Amino acid sequence: MENTVDTKILAATRRNKIHPLKLALWVAIASLVMMFTALTSAYIVRQSAGNWLEFNIPNIFYLNTLVIVVSSLTLHGSYLAFKRQAKVAYQGLMVVTFLLGITFLVLQYLGWHELSAIGVPLKTNPSGDFVYAISGLHGLHILGGLGILLVSLLVAFLRPLKVTPIRKLRFELVLTYWHFVDLLWLYLIIFMSLYR
Amino acid sequence: MGNIAVANPLIESDLLIEEFGYDDHFHDHHHGDKFAASFVTHYIFSQDHKMIAKQFLITGMVWAIIGGLMSLVFRLQLGFPEESIAWLQPVLGKWISVDAEGIGKLTTDFYYALVTMHGTILVFFVLTAGLSGTFSNLLIPLMIGARDMASPLLNMLSYWFFFLSGTIMFASLFLSTGPFAGGWVAYPPLSALPEAMDGSGAGMTLWTVSLVFFVVSVLLGGINYITTVLNLRTKGMTMWRLPLPIWAFFVTAIIGLLSFPVLVSAFFLMMCDRTLGTSFYLSEIYIGGQALDHVGGSPILYQHLFWFLGHPEVYIIILPAMGIVSEVLSVNARKPIFGYKAMVLSILAIAFLSFIVWAHHMFMSGVNPFISNFFVIFTLIIAVPSAVKVFNWIATIYGGNMRFNAASMFAIGFVSMFISGGLTGIFLGNSTIDIQLHDTYFVVAHFHIVMGVAAFFGMYAGVYHWFPKMYGRWMNGTLGKLHFWGTIVGAYCVFWPMHYLGMAGVPRRYYSFDFYGTFAHFDGINKFITIAAMVTFAFQLLMVINFFYSIWYGKKVTEQNPYKANTLEWTTPIKAGHGNWPGKLPSVQRWAYDYGKDGREYIPQVQPMGEGEEESH
Chain A
1 MENTVDTKIL AATRRNKIHP LKLALWVAIA SLVMMFTALT SAYIVRQSAG NWLEFNIPNI
61 FYLNTLVIVV SSLTLHGSYL AFKRQAKVAY QGLMVVTFLL GITFLVLQYL GWHELSAIGV
121 PLKTNPSGDF VYAISGLHGL HILGGLGILL VSLLVAFLRP LKVTPIRKLR FELVLTYWHF
181 VDLLWLYLII FMSLYR
Chain B
1 MGNIAVANPL IESDLLIEEF GYDDHFHDHH HGDKFAASFV THYIFSQDHK MIAKQFLITG
61 MVWAIIGGLM SLVFRLQLGF PEESIAWLQP VLGKWISVDA EGIGKLTTDF YYALVTMHGT
121 ILVFFVLTAG LSGTFSNLLI PLMIGARDMA SPLLNMLSYW FFFLSGTIMF ASLFLSTGPF
181 AGGWVAYPPL SALPEAMDGS GAGMTLWTVS LVFFVVSVLL GGINYITTVL NLRTKGMTMW
241 RLPLPIWAFF VTAIIGLLSF PVLVSAFFLM MCDRTLGTSF YLSEIYIGGQ ALDHVGGSPI
301 LYQHLFWFLG HPEVYIIILP AMGIVSEVLS VNARKPIFGY KAMVLSILAI AFLSFIVWAH
361 HMFMSGVNPF ISNFFVIFTL IIAVPSAVKV FNWIATIYGG NMRFNAASMF AIGFVSMFIS
421 GGLTGIFLGN STIDIQLHDT YFVVAHFHIV MGVAAFFGMY AGVYHWFPKM YGRWMNGTLG
481 KLHFWGTIVG AYCVFWPMHY LGMAGVPRRY YSFDFYGTFA HFDGINKFIT IAAMVTFAFQ
541 LLMVINFFYS IWYGKKVTEQ NPYKANTLEW TTPIKAGHGN WPGKLPSVQR WAYDYGKDGR
601 EYIPQVQPMG EGEEESH
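Taken in order, these protein sequences are the chains called A and B. Counting from 1, one number per residue, gives the positions in the first sequence under the numbering used here. Counting from 1, one number per residue, gives the positions in the second sequence under the numbering used here.
Hints are computed from structural coordinates only; laboratory data are not their basis. These numbers come from a predicted model, not from an experiment. Treat the hints with care, as some may be off.
Per the computed footprint, the stretches of chain A lying under chain B, defined by three or more beta-carbons under 8 Å from a beta-carbon of chain B, are [as the list claims (entries may be wrong)]:
hint : stretch
1    : 24–36
2    : 118–131
3    : 176–188
Quick partial rundown of chain A residues pointing at chain B, CB under 7 Å, derived from the structure [as the list claims (entries may be wrong)]:
hint : residue
4    : Pro20
5    : Ala42
6    : Ile44
Across the chosen pairs, the derived CB separations fall in these ranges [to be verified]:
hint : chain 1 : residue 1 : chain 2 : residue 2 : range
7    : A       : Arg167    : B       : Phe174    : 43 to 49 Å
8    : B       : Ser616    : A       : Gly50     : 58 to 64 Å
9    : A       : Arg167    : B       : Leu345    : 58 to 64 Å
10   : A       : Ala30     : B       : Ile65     : 55 to 61 Å
11   : B       : Ala342    : A       : Ala30     : 26 to 32 Å
12   : B       : Ile44     : A       : Leu140    : 29 to 35 Å
13   : B       : Asp293    : A       : Arg167    : 50 to 56 Å
14   : B       : Val544    : A       : Ala30     : 34 to 40 Å
15   : A       : Trp26     : B       : Ile65     : 55 to 61 Å
16   : A       : Trp26     : B       : Tyr500    : 55 to 61 Å
17   : B       : Ile44     : A       : Val70     : 54 to 60 Å
18   : B       : Ser38     : A       : Val88     : 43 to 49 Å
19   : B       : Tyr516    : A       : Ile190    : 33 to 39 Å
20   : A       : Phe55     : B       : Met239    : 47 to 53 Å
Glycine included, C-beta positions come from ideal geometry on N, C-alpha and C.
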């Protein structure tokens, strides 16, 4: 990673408050927001065209919302512990976050089965297909987040705990992304519950 | 400023940077071998923005030649439908069907594939990556006074994703079923049903994969451009002192970041339809009397999502050209750009409007006429900022001490093309007139002139203007002018007559008009267009030869600031190394367009304000 960003260039030419990589992440998040806005807009447009099967989102998805929200909190706890150099809490909470992330994906998968069991398997009606597609695409972003968390875990366990600016920055980047996919799911589940 | 104003401008700007510049201790550190050492890191996996710009440009040129040749092949079919093209068989193989008498014809499937690929390649690979990829990379760090992009690594990845995307698209040309052939807009059902036609199978799969990688490239590049412009401007470079190309690239990147993800969403649902059998876009379809499994989808949904990217995309193409033209005109007219703030605001206005006009591509798709009204109004409002820009360009060169070189001639040509193409946009923006004109050659003429040829003109202006900065040598000026005259006359000969075809109702994308007696009298015009297209293409080869010859054998640039321009890129050494400035970073004291101010021909941006001098805007 040391080679990827010439931190000296960044440090030297930076006089603004926000770090370029953070700004870059926010810009990237803006484009991800557009991607999901497009899907939910397509949902509304398609719904207004009729031939739309109505059903209740299985409860497991709501339970899962709790899982991802808690994982966001644990990662934040891990970040705070990192800053005050509390190694056990830093490592432990990050492991919990990682496990919660995996739990989320498993429960989403079970949620799909549940959806199929209540009579909305894939290909029944676009209303169900949208739930599969949107949660699937969101799941891919969780998967990406888990990959990044895995790298963070390796750093947390293999490197001595030292709060350097670059490590703090990287943690903040991971944290921002994980909060984002969490909030994104909150938006999606609220959207899919309201527009049935 | 009096005592520093030495006669030699080269020394002057260096002295100014030394005195007022900003020492970032860039050169105190050893940057290791990763930027210049080996052939691979210097020329191939380079992280230097100047090299990445050249990579984008040359790759774009290769694609432009491929895409251009494709158009010549289908123009042959349109202009000379009776002639045998069996002589193309060694290249195109089975796509030329030769009958018993030895008469070779282009197969219909391949005709559509060519039209589709021509559109895809030119819109995405040449005019998006080749134009904004090249000049955003080259000019953003140089013009704002940055050492490099915010993330050189992402910048390198941006190019290589583009390269990967291009490789996949290129591979699809060699499929036995041929590349995708359902039009560059990839409307369902031709795109969503793998069995719809030959190209809809593997061809469409590769097309989609290629474009997803392309979007990744655009996003990585765009994130970098935005971050760099916002975060890495040198001391004194406020947003209102940015040269206009930078404003254009910046806004282009924002548009790209907000619109390309929507295309990914559209493709995502399409891939679900293709592979999982869902019915987002596919309604009840019967093939050979058999009903397919799909129920209740809406092809219009895809059109909405596609054009939500598709319309901003045309501004992604044209805005960088506009920015380049503004700079080239001002430098060569030796006059400040007229109405700098109006130029910036009109870029922003165009960017905003570009997001709320997409359905004007769908007037005839069965959208509600009341909704069409909304889109007509906003579409026509785009004429206002566009007219502001045209007025300002003309006012900039009016009374200027114009230098006529290839770059400035192409910039003027751009304005001409933009006016011609823009005016027909007013016709097409009206949903009622669109009833007659939609899907005819009028549309083809309109968008080729206003975003095809015009964007090419902007690109050429940029290439001729900044070639010395890229390679430290000059392109041949005479050949450049010849290229300009050939291109402007040729392009008008190709596209102007198409308006008449369109008004008479000749539909676009048709393989042959043999069965339409109504259009029989247009055979002559079609022949003329085809010949004009070939001649125009030949003139482009002139430019390509000039370009590559000049890289190695062009006249060497001897002055640091050969155009006597104000912007920061001309304060770097003739061949700028990594980090762009050998010592301190320049600090910016004024806007970029102080030409002919207070009796001085030009005042570079590094020149501090004199006593009692007022900022120009």
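Exercise. So does A/Arg167 sit 58 to 64 Å from B/Leu345, Cβ to Cβ?
Worked result: violated, 43 Å
Exercise. Within 55 to 61 Å or not, the Cβ separation of A/Ala30 and B/Ile65?
Worked result: Since A/Ala30 and B/Ile65 have Cβ atoms about 36 Å apart, the given range 55 to 61 Å is violated.
For this session: Quick one: see if chain B covers the stretch 24–36 of chain A, three-plus residues with Cβ-Cβ under 8 Å.
Result: Held - the stretch 24–36 of chain A has 9 residues with a Cβ nearer than 8 Å to chain B, which meets the minimum of three.
Problem set entry | Range hint compliance [Cβ, B/Ala342 to A/Ala30, 26 to 32 Å] | The hinted range 26 to 32 Å holds for B/Ala342 and A/Ala30, with Cβ atoms some 27 Å apart.
Problem set entry | CB-CB spacing for A/Val88 and B/Ser38 relative to the 43 to 49 Å hint | holds, 45 Å
Problem set entry | chain B over the stretch 176–188 of chain A, status - at least 3 residues with CB closer than 8 Å | Result for this restraint: violated, n = 0.
Exercise. Holds or violated: 50 to 56 Å for the Cβ distance of B/Asp293 and A/Arg167?
Worked result: Given a distance of about 53 Å, which is inside 50 to 56 Å, the answer is holds.
Exercise. Does the hinted range 54 to 60 Å hold for B/Ile44 and A/Val70 at CB?
Worked result: violated, 46 Å
For this session: Take the C-beta atom of A/Trp26 and the C-beta atom of B/Tyr500, compute their distance, and say whether it sits inside 55 to 61 Å.
Result: With Cβ atoms ~50 Å apart, the hint is violated.
Problem set entry | Whether the CB-CB distance between A/Phe55 and B/Met239 falls inside 47 to 53 Å | holds, 50 Å
Problem set entry | 33 to 39 Å as the expected CB spacing between A/Ile190 and B/Tyr516, which holds or is violated | Violated, at about 55 Å.
For this session: Could you see if the CB distance from A/Trp26 to B/Ile65 stays within 55 to 61 Å?
Result: violated, 39 Å
Consistency with the previously given hints fails for numbers 3, 6, 9, 10, 15, 16, 17, 19, ordered from lowest to highest.
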